[in-house]
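Protein sequence lines, in the order shown, are assigned to chains G and Z.
Using our numbering, you'd call the opening residue of the first sequence number 1 and step up by one each time.
Using our numbering, you'd call the opening residue of the second sequence number 1 and step up by one each time.
Any given hint might turn out to be false.
Where chain G lies over chain Z, by a calculated footprint (3+ residues, C-beta under 8 Å) [stated by the list, open to error]:
| id | region |
| --- | --- |
| 1 | 59–72 |
| 2 | 193–202 |
Listed below are the simulated EDC-like cross-link pairs for lysine to aspartate or glutamate, each with C-alpha atoms no more than 20 Å apart in a straight line [unchecked claim]:
| id | chain 1 | residue 1 | chain 2 | residue 2 |
| --- | --- | --- | --- | --- |
| 3 | Z | 165 | Z | 9 |
| 4 | Z | 23 | G | 138 |
| 5 | Z | 23 | G | 207 |
| 6 | Z | 311 | Z | 261 |
| 7 | Z | 226 | Z | 291 |
| 8 | Z | 23 | G | 228 |
| 9 | Z | 23 | G | 88 |
| 10 | G | 106 | Z | 86 |
| 11 | Z | 178 | Z | 121 |
| 12 | Z | 205 | Z | 294 |
| 13 | G | 197 | G | 248 |
| 14 | Z | 311 | Z | 294 |
| 15 | G | 13 | G | 88 |
| 16 | G | 197 | G | 182 |
| 17 | G | 13 | G | 228 |
Cβ-Cβ distance ranges computed for the label pairs, FRET-style [to be verified]:
| id | chain 1 | residue 1 | chain 2 | residue 2 | range |
| --- | --- | --- | --- | --- | --- |
| 18 | Z | 112 | G | 229 | 24 to 34 Å |
| 19 | Z | 52 | G | 187 | 49 to 59 Å |
| 20 | G | 107 | Z | 209 | 21 to 31 Å |
| 21 | G | 86 | Z | 252 | 44 to 54 Å |
| 22 | G | 190 | Z | 30 | 48 to 58 Å |
| 23 | Z | 52 | G | 138 | 46 to 56 Å |
Treat the hints as calculated values from the structure; they're not laboratory data.
All C-beta atoms, glycine included, are put in the ideal place defined by N, C-alpha and C.
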Amino acid sequence: MTSTDELRELARKCRVHIVNMVHRAQAGHPGGSLSEIDLLAALYKTTLRVRPDDPDWEDRDRFILSKGHASPGMYAILAEMGFITVDDLASYRVLGGICQGHVDMKWCPGVDFSAGSLGMGLSFGMGSAIAGRLAGSERQIYVMLGDGEIQEGSVWEAAMAAAHHELGNLNVILDRNRIQNDDFCEAQMRMFDIPAKWKAFGWNVKEIDGHNMEEIVDGLTFLSTSNDGPSILIAHTVKGHGVSFMADNPAFHGAAPNDEQYAQAMAELGEVVA
Amino acid sequence: MSKMAATRDGYGDALLELASNPKVVVLEADLGKSTKSLHFRKAHPERTVSCGIGEQNMLLVGAGLAASGYIPFASTFAIFTERAFEQMRNGVARPNLAVHVCGSHGGTHTGTDGSSAQSIEDLAIYRTLPNVIVMHPSDVVSTKVLTMQLAASNSPSYTRTARNKTPVLYEGREDEIKIGKGIVLREGNDVAIIACGVMVSESLKAAEALANDGIHATVVDMHTLKPLDAELINQLVASCGAIVTAEDHSIIGGLGGAVAEHLTSNTYAPLERVGVKDRFGESGEADQMLEIMEISAPHIAAAAHRAVDRKA
Chain G
1 MTSTDELREL ARKCRVHIVN MVHRAQAGHP GGSLSEIDLL AALYKTTLRV RPDDPDWEDR
61 DRFILSKGHA SPGMYAILAE MGFITVDDLA SYRVLGGICQ GHVDMKWCPG VDFSAGSLGM
121 GLSFGMGSAI AGRLAGSERQ IYVMLGDGEI QEGSVWEAAM AAAHHELGNL NVILDRNRIQ
181 NDDFCEAQMR MFDIPAKWKA FGWNVKEIDG HNMEEIVDGL TFLSTSNDGP SILIAHTVKG
241 HGVSFMADNP AFHGAAPNDE QYAQAMAELG EVVA
Chain Z
1 MSKMAATRDG YGDALLELAS NPKVVVLEAD LGKSTKSLHF RKAHPERTVS CGIGEQNMLL
61 VGAGLAASGY IPFASTFAIF TERAFEQMRN GVARPNLAVH VCGSHGGTHT GTDGSSAQSI
121 EDLAIYRTLP NVIVMHPSDV VSTKVLTMQL AASNSPSYTR TARNKTPVLY EGREDEIKIG
181 KGIVLREGND VAIIACGVMV SESLKAAEAL ANDGIHATVV DMHTLKPLDA ELINQLVASC
241 GAIVTAEDHS IIGGLGGAVA EHLTSNTYAP LERVGVKDRF GESGEADQML EIMEISAPHI
301 AAAAHRAVDR KA
């Protein structure tokens, strides 16, 4: 079992990759990658049954990054897990590179869903969950949604349908970072009581601090052991967490740091830049 | 040609026959009674997924199933598939996942439900998507055969069926039907009428009338709009020198559009397009709709005369 200290160190390394990728590309989405990365580090290291040397293993658990713009976070953990190399991260947003702007199952090993358009991953996950049930497989399906993303109406079509079909193998992690493209979610579209909404749709619901490793590990256990119906872990996070000037700052939803900011970010993340 | 049947029943029959393949899964959006997937549901409820009245979710549930090795067939009214166009584009076509979408009740022939239910743009929009097979079969037999062939295809697809009965054309001729290959139903050397769906039998009627005027028409059932049978079109240009397209669909972007695009880039023949002239429909009986939309047999015959007159 990986210790929470080790998970924190893994997440730190991923944060360094994230900042490197968006700085190198001078484009991309650091904020949502930094908010999700503690969750992804723990999910991949403690919970997901996947094989980096056999990414298409039929009976693997599926991870579906529905908020596909937060791809640097996913590429970072895929590199740390050995699905791709750290060198591959340099191909982020580069012509012909496996690290496409939004995660794409046709381009990158370990990616199970071609994302990029918000509101699609939960439905895809529902299909994956039904497939697992039809195949008599124990595989679990994990879908990461953004909080802004759940403003898409089709998310609720899927939420209703997944509960109707009692898909206990379907799990959502909601990255509740409170910021979307243009502004704070609260300014763009108030969402009121998010846990109550999911409960009303028939889901098992748990809330955690999405940057507290102990709570994350507990939350993932909740997901993998709640099998009487679909379950959602609402993770309260801070967009841009780990880099002071990006934290809770809507400007860094989809913007890259300049050289000076990059140096500061690396210093804050404990990396020495040559 | 007195026997009549609805193409949507061919879809339902095909699903039932495909059920022997345990990978085939049927998805419904509360219209299984109409699209005819209900027979599969009755026989195999464990492999039928109700998605409620939620088409966007349905198409992506299909994508998830296809990505896990299943063969999903999803149906609703043609018009309601359009609500999920972006799901079809980004979630199905782009990752090239073999989800088979059937849109029933296509065209103005749908009749008295009125314009909200008469999809006249479905073929055009799905034709713009890379990887997607687009079909509009003309009769119950070919719909069944083509639907069954889809199960062996690795490409996503969109098939339009019709609500109302049309003449049965292919009884005993199942072997002639193949995805991507137009079928020559009648041969003549003056003009070629290329039609799809309910307009194929209208075109045969038109050819009969044209023969009385001394014009000998070839009639082709172009049940597959994409990939288009370009080789056949080239042969028709060579043998007839004038082309008419006929479809119960907008004159923009459907079969007429596909043939025009091919002619523009490859060869030349005068082309007359019979289709819905950039307008919406209204409530009316199926045959009344073909009349009021100016796409019935006499209108096809008139278009053939124009095409012949335009030959150099």
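> Hints broken by the structure, by number, lowest first?
Replying inline: Per hint list: 2, 5, 7, 8, 9, 11, 13, 14, 16, 17, 18, 19, 20, 22 and 23 violated.
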